[in-house]
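Engineer: Just so you know, the sequences run in chain order A, B and C. Residues 1046 to 1412 (this note's numbering) make up the first sequence, in order. Residues 1046 to 1412 (this note's numbering) make up the second sequence, in order. Residues 1046 to 1412 (this note's numbering) make up the third sequence, in order.
Keep in mind that the hints were calculated from the coordinates and are not lab data. A hint or two may mislead.
Note: identical chains are not told apart, hence a pair may lie in one copy or across any two.
[Claimed, not checked] The calculated DSSO-like cross-link candidates involving lysine-lysine, where the alpha carbons are at most 27 angstroms apart (straight line), are:
no. : residue 1 : residue 2
1   : 1169      : 1268
2   : 1263      : 1122
3   : 1072      : 1408
4   : 1407      : 1072
5   : 1408      : 1151
6   : 1075      : 1408
7   : 1280      : 1268
8   : 1151      : 1169
9   : 1396      : 1169
10  : 1288      : 1268
11  : 1280      : 1263
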Amino acid sequence: MILDLNGRLIQLTEQIDLDNLTVNVEKLNKGNAQSVYDLMSEKLQSPEFLPRTLYNKFNIEVISTTDGASDSLEYHKQIVDSGWSGKVIPSFRPDAVVSILGENWKYEIIKLSSASGIDVLDYKSYINAIENRRSFFIEMGAVATDQGVFSPNTHELSESEADAIFQRALNGTATANDERAFIGNMLMEMARMSCEDGLVMQIHPGVFRNHNALLFQKFGLDKGGDIPVSTEYTKNLRELLNKYGNNPNFKVIVFTLDETSYSRELAPLAGHYPAMKLGPAWWFNDSIQGMRRFREMTTETAGFYNTVGFNDDTRAFVSIPARHDLARRVDCNFLAQQVSEHIIDIDTAHKLSYELANGLVKKAYNL
Amino acid sequence: MILDLNGRLIQLTEQIDLDNLTVNVEKLNKGNAQSVYDLMSEKLQSPEFLPRTLYNKFNIEVISTTDGASDSLEYHKQIVDSGWSGKVIPSFRPDAVVSILGENWKYEIIKLSSASGIDVLDYKSYINAIENRRSFFIEMGAVATDQGVFSPNTHELSESEADAIFQRALNGTATANDERAFIGNMLMEMARMSCEDGLVMQIHPGVFRNHNALLFQKFGLDKGGDIPVSTEYTKNLRELLNKYGNNPNFKVIVFTLDETSYSRELAPLAGHYPAMKLGPAWWFNDSIQGMRRFREMTTETAGFYNTVGFNDDTRAFVSIPARHDLARRVDCNFLAQQVSEHIIDIDTAHKLSYELANGLVKKAYNL
Amino acid sequence: MILDLNGRLIQLTEQIDLDNLTVNVEKLNKGNAQSVYDLMSEKLQSPEFLPRTLYNKFNIEVISTTDGASDSLEYHKQIVDSGWSGKVIPSFRPDAVVSILGENWKYEIIKLSSASGIDVLDYKSYINAIENRRSFFIEMGAVATDQGVFSPNTHELSESEADAIFQRALNGTATANDERAFIGNMLMEMARMSCEDGLVMQIHPGVFRNHNALLFQKFGLDKGGDIPVSTEYTKNLRELLNKYGNNPNFKVIVFTLDETSYSRELAPLAGHYPAMKLGPAWWFNDSIQGMRRFREMTTETAGFYNTVGFNDDTRAFVSIPARHDLARRVDCNFLAQQVSEHIIDIDTAHKLSYELANGLVKKAYNL
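Here chain A stands alone, though its shape is the one from the complex (with noise of 0.2 angstroms):
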């Protein structure tokens, strides 16, 4: 039974057998809604679904939180300290002291400050408390960095243009397109960082965040309503790649929620800039379909090795197995079809399902 907290289509199959976990399977309906509701509300409760527990059972290597620039990440620490052998590590999500128009971002800046020991007066402070939170995520264990951007564009500012920017932040008067431009500016400077410190650098563009007024202010965000917008790269992230596409130090991983992407500039782009990754089909994790369509449209301009398996995003923790599950299926399908067609032989199946599973997700993290 796959259960998906974002609303979408709820899978019923036999096939699942998590060891350990036998779930009752059976349809959903007005019969047995109360009674599945209480089994799995028991099954919560109970010893056996403590999240360490799960960890084990569910045999995870690692998992990696988001976190806020000024985060104390004093959970992180609380499981190091305890001795715990799970790994949980942190990565560096900028995007509230990024977004200069956003309702608490003087609030973000005053967080960063305190948090960096650094007084953030100007853009070249808030550079260097960017980079010193960077070192201590790094501390902590984190591989990577993710940003949330409505567009990738990407294009440099001179500092003085980008202080302006920033000093028209503090005093409330920026515009729209002063935060287009910041944005795009702390693209280049996040890759710049990546070079330098080896944090992979994550891309998460095109987003339509809290389209549902009501149902943003009833109850805030994350919550629904996120619509994707068609996505444009070729343009927008040229500049980025020509500075840093080619450095040996640099990865980036980028998706999409816009499939028009994928042929068209995508895969082109993966395939063609050494640094550049593709992200599985993030909007499509538990689709089979739209899966399948990913490698379908990626594989012959990018290859398989320009991907980096599957990096579930997911908020509800006893989903993990099932997603994978699903995800390793549906890859494990497309190789079949290649094999069954004479396009690769079935040697090259067997390890490329164990890197499409395994191993390319650990090289892409350097984990």
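We have chain A already, so just place chains B and C on it with the hints.
Structural biologist: Here is chains B and C on its own, set in the frame of chain A:
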């Protein structure tokens, strides 16, 4: 034999077996062209091809026409008055009174005044007249409206803004931007009216109509030469969906000619907003692959129940059984694939096959 | 063994059996890299790999080069004068004299004057010179022109507008908008000339060329780094198709790198305008899935007879048989699927398999 009056693929298949309608199945060629033409002419003039006879033979439950805002619907009256048991209902299509730059717009406003009995002198009386006509259409059996717009942009104007544009339109000084803003506002108004009077709203956007100017000058409107354009929904429909998309009295059925919007925009929007449903693959109503792609790209995100069955938009009456036959086969093929892949079970497939052929379209249009 | 010099998927398959060209089929790896390289070098220097020998072994009927407007075509003359029975014809590619912001444009204009014997001083003499060169190319066997444009925008300028831009280009004061307008006008002019002299027009739009500045600076033009961009055809081609699309003397073959335009724009346009044909899946000339998608997305709307067969654009001479072999297999697979689904019968499939491999391309290019 599937004849497509729009000049697309002509399909010949031995599988069609229409009750009492034995068709001579052979390939069209130079040799038989004249005799096929003669046979068709003869058949069309025979009593068994009279519209009401066909209506019964085709086992049709209801046909809906689309009619201008000021249409007297006299033929609908005649049908009702004739005591015939068939059901032919109108749909309210206000394009001619909404497109303020249309060549005959002022004449359309005069007709609107006359039909509604309301002197249309300003925006307020214009809205009153449209509400009046919607009431009349409802009396005559209408269940839906339809709007063909170039862009699905929705944005409410203040009454004074709308009236200023309306006055410029009357004076012949309205601009292209005025028309765009006016249409965006009228989509909002039509949605509001639908919440009040219960007519299901339909939007058919994204066609460059009368692309071939020569053809248009010689033969007039709707003679082919309608070419799709890329169409954006996420940003354009946001204002309408934010204001009315959670309203239980409201249903909006959105169509597209732009397949790239299926999985990126339309399915996520229909999956999220209770009021929004997806119309079928409009431009591909005779296309096996086109209809298959519609299901493949929308089902995992929007599900089946956010689609509305096959609301064939043919202008060729005799094509109705063949088109529905084809659509049902494609849907059943899709369901069969889902069963064979253990995504749904056979009982669910049986239930869905009925829903896709008959149930959903009746629910969607409150029939 | 399919070698793709553009760095895309390298395919290894045991199915290739090229007459007299026994190739050692084994996977490329560290162990055999040197010996495979040595074998290839040896073969390329052997008499059996001389171009004319291969031409005969490959059973080629005609090869077309693309040549700048001012090219002397001296090597074409040499081939003709040599008395060899093979057919190598030029195509007229005026990009260098049309792109008025090109680095060497003024030098290209000097070359154009010299080649045509017409002093190119203004727009009028420029057009005369181009017409003159087209005549020369036709004398030398050319059947087609080709234009690589960023956008397929077409819009006719008045002679005075065109001349004003031409003068600004000569003075070095032309802007990006000037160039865009000039190219849009030259597509119209080239179409007009094609109606007059019968050369088939080809348009290859939508590539961001030399995306990787570093690569370009080091190695120059056409060394990879060409990345597709989203391309609009419905609005952009309208003026050209309205003026010339119904002209029986005119044929325009349109290519794309943007798959999203297949079913939305290109197939409807080619289905509607008699003069327009679809070129094959240009960027996917070695891609099984890419070629399959081309057929799936275009056939139901444009049919087979509005496509032009497989006009391979390779720059790797020895790849010709493998590429055509692959393209033919993909097309035959597609036909087989249509037969198995009773959409076409086996006789039609046999006829189409010949047309797609040989017949259509000869008709398209008047060979």
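Engineer: Are the hints correct? Go through all of them and say.
Structural biologist: Checked hints:
no. : hint           : in the structure
1   : 1169 with 1268 : neither (35 angstroms within a copy, 39 angstroms between copies)
2   : 1263 with 1122 : neither (33 angstroms within a copy, 49 angstroms between copies)
3   : 1072 with 1408 : between (39 angstroms within a copy, 24 angstroms between copies)
4   : 1407 with 1072 : between (37 angstroms within a copy, 26 angstroms between copies)
5   : 1408 with 1151 : neither (37 angstroms within a copy, 50 angstroms between copies)
6   : 1075 with 1408 : between (46 angstroms within a copy, 21 angstroms between copies)
7   : 1280 with 1268 : between (32 angstroms within a copy, 19 angstroms between copies)
8   : 1151 with 1169 : within (16 angstroms within a copy, 46 angstroms between copies)
9   : 1396 with 1169 : neither (48 angstroms within a copy, 64 angstroms between copies)
10  : 1288 with 1268 : between (37 angstroms within a copy, 18 angstroms between copies)
11  : 1280 with 1263 : between (38 angstroms within a copy, 21 angstroms between copies)
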